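**Student:** Throughout the sequence shown, residue numbering follows the numbering used here, covering 1 to 204 in sequence.
Simulated from the structure, these hints should not be mistaken for laboratory data. Only a predicted model underlies this, so the values are computations on that prediction, with no experimental measurement involved. C-beta atoms are modelled at their ideal positions from N, C-alpha and C, and glycine is treated no differently. Any given hint could turn out to be false.
Taking CB as the label site, the calculated pair distances span [said to hold, decoys possible]: (1) Lys54 x Arg116: 52 to 60 Å; (2) Asp179 x Glu120: 22 to 30 Å; (3) Gly149 x Ser53: 45 to 53 Å; (4) Thr177 x Gly47: 40 to 48 Å.
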Amino acid sequence: MSRFITVLLVLVALLLPLTAAAAGNVPTAATRIARQLDEQLMMRYAGTDPQVSKKEQQAVARANIMIMGTTPANLNDLNEASPLARQMMEEVSRWLINAGYRFQELRKGRDIYFDRKKGEFILTRDVNRLASRVGTSQAIMAGTYVVSGEQVRFNIRLIHTTSNEVLAMGSGTVPITDDLLPLLRDPSPGGKGGVTPTVNTRLQ
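Given these sequences and hints, build the entire structure.
**Tutor:** Set out below in structure tokens:
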């Protein structure tokens, strides 16, 4: 019996570092940010009709909000971003769509682009290929991030399209691990290379 307990304790000790590392990954941080945004928006827009359940009121409020997402920028250089920033926006967007918000895709091209070797593409960052340059959303999701030696801190906000008022704001932190390091550099043609800390740590 004591041997079984010893083995169990050893397994728990070995698994704890993995749990700690997983707790700060990109999807988890994105979920934390999205929940903060959602909570603040519901405080503003969910109804207070006693005849309708809170869940139904929130569902109606979410369905009436159209959001456009943009890439978080480096706080120290607003013209710079990284693959990690783009992935963070994708994850936050995914959560909001799953929650019932409407989302407008800014990068949709006019036509599907076919490439024999690379495949078929409809998304583009070429302004001349965009299907539309006009957005019709109520809110724009934008944000910034800052890289330290051990973590990347994201601040994401929803900005009212016409008034520029910040409707909601959420923050989250992603620890820098070895597998995350490549996402801190921009490998695209003309990319500045992103910001990579000179000192790195891996959660153990």
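**Student:** Evaluate each hint against the coordinates.
**Tutor:** Structure-based check of all given hints:
Separation of Lys54 from Arg116 is about 53 Å and conforms to the stated range, judged on CB atoms against 52 to 60 Å. The hinted range of 22 to 30 Å is satisfied by Asp179 and Glu120, whose Cβ atoms lie roughly 29 Å apart. Between Gly149 and Ser53, the C-beta spacing of about 48 Å keeps the proposed range 45 to 53 Å intact. At roughly 43 Å, the beta carbons of Thr177 and Gly47 sit within the given window of 40 to 48 Å.
Checked against the numbered hints given earlier, this structure breaks none of them.
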